[in-house]
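The primary structure of each chain is shown beneath.
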Amino acid sequence: MDVRVQEAAFDLGSEANAFVAKQSGMGAVVTFTGIVRDLDGARLSTMEIEHYPGMTQKALDTIANEAASRWNLGDILIIHRYGMLHPDDLIMMVATAARHRADAFQAAEFLMDFLKSRAPFWKKEVTEAGTDWVAARDEDEDALSRW
Amino acid sequence: MMDVLYFAWVRERIGLPKERIDTPPATVMDLVNELRAREERYEAAFADLGALRVAVDQELSDFDAPLAGAREVAFFPPMTGG
Chain A
1 MDVRVQEAAF
11 DLGSEANAFV
21 AKQSGMGAVV
31 TFTGIVRDLD
41 GARLSTMEIE
51 HYPGMTQKAL
61 DTIANEAASR
71 WNLGDILIIH
81 RYGMLHPDDL
91 IMMVATAARH
101 RADAFQAAEF
111 LMDFLKSRAP
121 FWKKEVTEAG
131 TDWVAARDED
141 EDALSRW
Chain B
1001 MMDVLYFAWV
1011 RERIGLPKER
1021 IDTPPATVMD
1031 LVNELRAREE
1041 RYEAAFADLG
1051 ALRVAVDQEL
1061 SDFDAPLAGA
1071 REVAFFPPMT
1081 GG
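Going line by line, the protein sequences match chains A and B. Take the first sequence: its letters are residues 1 to 147, numbered as in the numbering used here. Take the second sequence: its letters are residues 1001 to 1082, numbered as in the numbering used here.
In isolation and in its complexed conformation, chain A is listed as follows (with noise of 0.2 Å):
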């Protein structure tokens, strides 16, 4: 299992080369890349995320350790960005292998919820019009309540 939160770039070929080299046994790799998007409308200029050092790395690795108890798992990859990212920057991604694809999709997708809600990042937008911490969203909250 790795958890990375850092201010760097990652390279998204890389660390996905990278995580499945280091397989062994394992059928099947699922990853999930998030991106910076511009907003409709107004032009996006920066993102700026915030972050809670001290907490989030143990927050990141309760959630990790949580989808390796109810899956059956051979590994797990977290990496999460914070600092300045701009419009098309890779935020985070997240990477499980599994023997069968079942167990990869279905924990890829319990770790995409969690963070979304349970990491502790926020996110500011900057554009031309001022800016603007991005609200959580009711759906990302009911999200968890399916697992």
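Simulated from the structure, these hints should not be mistaken for laboratory data. C-beta atoms are modelled at their ideal positions from N, C-alpha and C, and glycine is treated no differently. Certain hints may be false.
Unchecked claim - Covered by chain A, according to a simulated footprint, are these stretches of chain B (three or more residues, beta-carbon under 8 Å):
#1 1005 to 1014
#2 1020 to 1032
#3 1074 to 1080
Got chain A sorted already, so can you dock chain B onto it with the hints?
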């Protein structure tokens, strides 16, 4: 001695990221009430508790949680990771 941390718009509204409290109150709610009574900027930050989350010693917690022995309390809006 206890550190109180603020993140995102809570930090911006109060105007500082962290402060130290010498004598921790009994519960998170007592701490909130103590802070609200201080100044308008605290009142503004804590006006709607439904819009806030709290962590005690870096674990998500509740407003009625006790603070005995706690070293760090953090207030922030609902998280937006991923």
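Violations among the numbered hints: Structure breaks hint 2 only.
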